[in-house]
Amino acid sequence: MKRRLTLHFPRQAVHQPITYRLAVDFDIAAKILRAQVAPNQSGTMVVELSGDIDELDAAELWLESLGLSLDRAPGEIRIDPARCVDCGICASVCPSGALSSAQPDWRLSFDAKRCLVCEQCIPSCPLDAIALVLEPR
Amino acid sequence: MSLAPRSEAELQQRQRSGTLRVLAAADFRALVAAGGLEAAYAATDVVVAANAEFTDQATLQLSLGPVDPPLRIRGARLDGVLAQGAGGTAGLCLSIGGGLGEPLRRGGAQVLETLLASQEVELTLTGEATASHPRREYRGRLSLERLGGARLLLHRAIAENGVVAVSSAEGVVRSPYGPLLGPYGNALYSGAGSSSIGLTMPSLAWLGPGSPVLVAGALGWVIGAGHGHQPRTRRLPSGHARTPGAVVAVSVDLHGLRPDWIRACFFEGHGSALMVPIAVPVPLLDLAVARQASIGDDQLEAPVLDFSIPRRIRPGFGFVPYSQLLAGVIQVDGRRIPCAPAHSPRLAREIGACLIEQLQKGRFPLRGPLEPLSARQGLIPLEG
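Line by line, the protein sequences are chains A and B. Residue 13 is where the first sequence starts when you use the working numbering, and the numbers rise one by one after that. Residue 19 is where the second sequence starts when you use the working numbering, and the numbers rise one by one after that.
Among the hints, erroneous ones may be present.
[Claimed, not checked] Taking beta-carbon pairs under 8 Å as the criterion, some of the chain A residues facing chain B (in silico):
# : residue
1 : A103
2 : W118
3 : S121
For the record, the hints were derived by calculation from the structure and aren't laboratory data. This one's a predicted model, so the numbers in the text were calculated from it and none came from an experiment. Glycine included, every Cβ here is placed at the ideal spot set by N, Cα and C.
With the rest of the complex left out, here is chain A (with noise of 0.2 Å):
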């Protein structure tokens, strides 16, 4: 499975090489969609880690041990209306239903509580009007 996290590095912990770490101690995949690390100083690191769930839970517990905190918040779908045709694809892969367009107007609704997250809209969407906003409003 896949879990997204925000890593917040305090000045003692930059120099750790995590990710090596990760795919070597725990068997995990760590995918860096952002990075602000610079040598003594704090950073932050937005990554997508793949791998087994109890090795995700595992290696969380190591991050967090090392002095890491780490932000769960998986950011949230955002739809860009101008680009969208409402032609309702997404709404036809979401799991969850919270993406869902009806008669008789046939405006895509999102309702963002519903949402898992799951990203399988964003390739979906043949207008590219949907983008995972990893720093929700």
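Following the hints, complete the assembly by docking chain B onto the known chain A.
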């Protein structure tokens, strides 16, 4: 209440006098439901039907000005997208599809979108040197304003009916209509049902070479039968097609297209495409035409096809009524499958409203085709 047939000339006279009575297809059906077919026919001259569908079956035809010294075009790229010389020094043809290779996610659709946004594209030309056309290469920039002629040719601009795509396979199938979750996880349907052009006007009877249509805000012209034209398809007793059926091709000048209506898009695993809203007038010339335009979604149907089987004739699961499709769930072989329109009912409604206004104000020509559509079946399989 007059139920007499009307001639094209009578309707044109009403348009000139500003008394043409025009309704959207959905509103005409509501009028029929409320007061009966005869009363609705007597009160309506023209019904407007509209589609807004995705297509990659289209070509850009561009006319360039001459370069100096002259270059006879043999190869061309626009923003890296491959184009073909159309003969001589001026003509270029560019497919709307593409984008699965280099340049990634960019095909002719994205080039069109760039041009319509009043931005420039990079143009490279290669030629074969001859005595009268000695230049071998050209590199420059091109904008819509600097194109002497630019047309969009829609090879399947309007089809009579759509299809419903499902997948019986495990995993995701990337179809031209969008991702299909299998097995039987979702269904995507391309036709809009009773408000669509082909199910308001069976056989596309009033369309043929020379018929005007409204394409993304611009006046387009039917140039004849389009790709996959199958006029002798299976039909309901009412005359409505049960499969895609008749197809028309349309040509439209790029300079009139509205970029908020015609959109470039990209289907994962399939490539670039365009969203194209089109609206046409359906003159109610007699009660029979009005009756065909009044048939409801519960009586119209579309074929359900298995897009996980990549064969010329895809296995089918029979037909489903549009009333089920529009309600969001279809029943196929005892399974309930959630479905969604792989088109834009909203854009179709918007361009339909635009055409109604243009017809009422006399800004859109109301005229029939110069000749009927070809009766020849278009899908002749290639063997081997």
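Structure-based check of all given hints:
Below 8 Å, beta-carbon pairs count as interface contacts, and A103 of chain A has one with chain B at about 5 Å; its hint therefore holds. The beta carbon of W118 of chain A comes within 4 Å of a beta carbon in chain B, closer than 8 Å, and the hint placing it at the interface holds. The closest approach between the C-beta of S121 of chain A and any C-beta of chain B is roughly 13 Å, which is over the 8 Å cut-off, so the hint fails.
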